[in-house]
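Student: The primary structure of each chain is shown beneath.
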Amino acid sequence: MSGVPAAAVAIANGSVALGGRPVLRGIDLSVAPGEFVALMGANGSGKSTLVRALVGLRPLVGGEVRLFDTPLDQYDDWQRIGYVPQRATAGSGIPASVWEVVAAGRLTRRRLLRPLSRADRAAIADALEVVGLGDRRREAVGNLSGGQQQRVLIARALAGAPELFFLDEPTAGVDLPNQQVLADTLAQLKGRGATVVLVAHELGPLAPLVDRAVVLRDGRVVYDGAALQDHEVHQPWLAEPHTHHHHHGDHHDDRRGADHVPQIASPVDRPRGEH
Amino acid sequence: MSPVELFSQPFMQRALIAALLTGLAAPAIGTFLVQRRLALMGDGIGHVAVTGVALGLVTGASPMWTAVLVAVLGSVLIEIIRERGQTNGDVALALLFYGGLAGGTFLSGIGGQSAASLNRYLFGSLTTLSPSDVLVTMVLAIAVVGLCLGLAPQLFAVAQDQEFARVAGLRVRVYNVLVAVLAAVSVTVAMRTVGLLLVSALMVVPVATSQQLTRSFRATLVAAMALGALASVGGLVTATFASYQVNVLTGPTIVLLALTCYVVAWPIGIWTRHRARLREPFASGQAAPAHEACGDHPHAHGPGCGHLAVPHDDHVDYVHDGHRHAVHGGHYDEH
Numbered sequence: 001m002s003g004v005p006a007a008a009v010a011i012a013n014g015s016v017a018l019g020g021r022p023v024l025r026g027i028d029l030s031v032a033p034g035e036f037v038a039l040m041g042a043n044g045s046g047k048s049t050l051v052r053a054l055v056g057l058r059p060l061v062g063g064e065v066r067l068f069d070t071p072l073d074q075y076d077d078w079q080r081i082g083y084v085p086q087r088a089t090a091g092s093g094i095p096a097s098v099w100e101v102v103a104a105g106r107l108t109r110r111r112l113l114r115p116l117s118r119a120d121r122a123a124i125a126d127a128l129e130v131v132g133l134g135d136r137r138r139e140a141v142g143n144l145s146g147g148q149q150q151r152v153l154i155a156r157a158l159a160g161a162p163e164l165f166f167l168d169e170p171t172a173g174v175d176l177p178n179q180q181v182l183a184d185t186l187a188q189l190k191g192r193g194a195t196v197v198l199v200a201h202e203l204g205p206l207a208p209l210v211d212r213a214v215v216l217r218d219g220r221v222v223y224d225g226a227a228l229q230d231h232e233v234h235q236p237w238l239a240e241p242h243t244h245h246h247h248h249g250d251h252h253d254d255r256r257g258a259d260h261v262p263q264i265a266s267p268v269d270r271p272r273g274e275h
Numbered sequence: 001m002s003p004v005e006l007f008s009q010p011f012m013q014r015a016l017i018a019a020l021l022t023g024l025a026a027p028a029i030g031t032f033l034v035q036r037r038l039a040l041m042g043d044g045i046g047h048v049a050v051t052g053v054a055l056g057l058v059t060g061a062s063p064m065w066t067a068v069l070v071a072v073l074g075s076v077l078i079e080i081i082r083e084r085g086q087t088n089g090d091v092a093l094a095l096l097f098y099g100g101l102a103g104g105t106f107l108s109g110i111g112g113q114s115a116a117s118l119n120r121y122l123f124g125s126l127t128t129l130s131p132s133d134v135l136v137t138m139v140l141a142i143a144v145v146g147l148c149l150g151l152a153p154q155l156f157a158v159a160q161d162q163e164f165a166r167v168a169g170l171r172v173r174v175y176n177v178l179v180a181v182l183a184a185v186s187v188t189v190a191m192r193t194v195g196l197l198l199v200s201a202l203m204v205v206p207v208a209t210s211q212q213l214t215r216s217f218r219a220t221l222v223a224a225m226a227l228g229a230l231a232s233v234g235g236l237v238t239a240t241f242a243s244y245q246v247n248v249l250t251g252p253t254i255v256l257l258a259l260t261c262y263v264v265a266w267p268i269g270i271w272t273r274h275r276a277r278l279r280e281p282f283a284s285g286q287a288a289p290a291h292e293a294c295g296d297h298p299h300a301h302g303p304g305c306g307h308l309a310v311p312h313d314d315h316v317d318y319v320h321d322g323h324r325h326a327v328h329g330g331h332y333d334e335h
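These protein sequence lines are chains A and B, in that order.
Residue 28 in our numbering sits at position 28 of the first sequence, and the numbers go up by one each step.
Residue 105 in our numbering sits at position 105 of the second sequence, and the numbers go up by one each step.
Hints were generated in silico from the structure; no laboratory data involved.
It is possible that some hints are incorrect.
As the list claims (entries may be wrong) - Okay, the calculated beta carbon distance ranges per label pair:
no.	chain 1	residue 1	chain 2	residue 2	range
1	A	Arg121	B	Ala276	25 to 31 Å
2	B	Val139	A	Asp211	44 to 50 Å
3	A	Ser145	B	Thr272	17 to 23 Å
4	A	Arg192	B	Ala276	47 to 53 Å
5	B	Val327	A	Asp126	35 to 41 Å
6	A	Asp218	B	Gly150	45 to 51 Å
7	A	Asp69	B	Val319	56 to 62 Å
8	B	His307	A	Arg192	44 to 50 Å
As the list claims (entries may be wrong) - Going by beta-carbon spacing under 8 Å, a handful of chain B positions derived as facing chain A:
no.	residue
9	Asp133
10	Phe156
11	Ala157
12	Asp161
13	Phe164
14	Arg215
15	Ala242
16	Ser243
17	Ala276
Quick reminder that beta carbons are idealized off the backbone N, C-alpha and C, glycines included.
With these hints in hand, go ahead and build the complete structure from the sequences.
Tutor: Written as structure tokens, this is what we have:
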């Protein structure tokens, strides 16, 4: 608690390898409280892997991540972190209502075996209002459109009232009206002083919110500075010229190996990429 | 013996209590298994538990407790294989299942046990429960139901989105193992009711039935428990009455009754999902297609006209034989 505020999240010389292949190499990045940072780059540049490493879902092979100036492996104050993963394509086997999914975001603040408090219910209702889904809280999530499902995931992160948000491709496959709602929601968060780290292939309506852009290419930071326009990110000097606008064939499941290698393993083998 | 006399017998009352509690406990944990797409895990644990039962029969220990022990060990092993193996986990599970079944029958053969004593556990025999069996069943079933309901928010979050749960600070591995252990306990609780070979049916079929009709997780869980209790008590009563005429086994009757519920719920589920799709409003801001007037329309749409009304931006569409009519001046447009 010194006079100078510590970085909300910082990674120093961070490296991540999947199946022995380096995906991130020597990343240095520090995000100050209140900043709105966009991680950009072509598909396969490592931007999603970086966010997953920052929240501890991908182990580092080198370097260190610090959340609020605490090393990641000692960090336990998860109520300050809000994580919005990429929208899962396959729903679970059992229907879940919008309210139930958003209520899961409150678990960072709930004790075991206690019923929901009044504050919990108010936070859940508030989060649903912010993303504009208050009137659909009883519906099954599976019945919503992709953009609405994305808003549900953001509301789930909001419900825990965190200070630091990580969003992984919140606009991928989302139609323009829904992107606008997302942008309005994020503008509200920014207004409240939240720190936002966002992975985006293209910013679209989010562009005016971004304070700082970080562009990755082949697992390295190639640009870190003022916000960029979408077309600038895909300039040849930042990325290969042929990698833009490939949203649909874009598979983010980085556990998958190369396409041409047959997958043969004995039943108890670890999947590739784990250690 | 008249039905009233029969149901006042102590053995029959013990059977009713056991049926009710297993009917509540099995679908409670089954809901979480189905949510994690592990519907057949109960079946696998059931096969492994056969070895436990045989071990008890051969050594003279209580088959119930040896079954609990071996089933818990087996379920934790299955969970470890599932977590590490992922892609080829199903093969490893198959190895474990058949090993359990073969090991159980092999052991009971060595021990000189008759097929009938093992059969009691393979297909269930509610009416031969001793008072201590019922006590164990009650304690274990209440523990399973209590943990499933008490930890439902955590278990739901872990099963629904494992990575989010991890970032929310939940100890995902602990909850995964807990689900496996609870599944093993409820398998052994249910083995005297429906039998080890049919135990998975009581965990999965009521869940599959209730999810036809529900839109939320909590409603699915509660409805599955109600349906499970209905099927197992109803199956016991049905089998008791039927056995005045023919030889009817309780376990299969319970399972068939649960399946009948599913067969009834399935078309209703299809119909409600179809209706939900019709009712789905257009995405807001999406323009209606080009002006397309429909031909002569003898029927005037309005409130209570019998056609489903769907709000569409500033007006109302009426669903008419699978397409939508909107009032436009003196005629109807196709929307």
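Student: Could you run down the list of hints and mark each one as holding or not?
Tutor: For each hint, the structure was consulted:
no.: 1; hint: A:Arg121 x B:Ala276: 25 to 31 Å; result: holds, 27 Å
no.: 2; hint: B:Val139 x A:Asp211: 44 to 50 Å; result: violated, 59 Å
no.: 3; hint: A:Ser145 x B:Thr272: 17 to 23 Å; result: holds, 19 Å
no.: 4; hint: A:Arg192 x B:Ala276: 47 to 53 Å; result: violated, 36 Å
no.: 5; hint: B:Val327 x A:Asp126: 35 to 41 Å; result: holds, 38 Å
no.: 6; hint: A:Asp218 x B:Gly150: 45 to 51 Å; result: holds, 49 Å
no.: 7; hint: A:Asp69 x B:Val319: 56 to 62 Å; result: holds, 58 Å
no.: 8; hint: B:His307 x A:Arg192: 44 to 50 Å; result: holds, 46 Å
no.: 9; hint: Asp133; result: violated, 29 Å
no.: 10; hint: Phe156; result: holds, 7 Å
no.: 11; hint: Ala157; result: holds, 4 Å
no.: 12; hint: Asp161; result: holds, 7 Å
no.: 13; hint: Phe164; result: holds, 6 Å
no.: 14; hint: Arg215; result: holds, 4 Å
no.: 15; hint: Ala242; result: violated, 34 Å
no.: 16; hint: Ser243; result: violated, 36 Å
no.: 17; hint: Ala276; result: holds, 6 Å
The structure shown violates the earlier hints numbered 2, 4, 9, 15 and 16.
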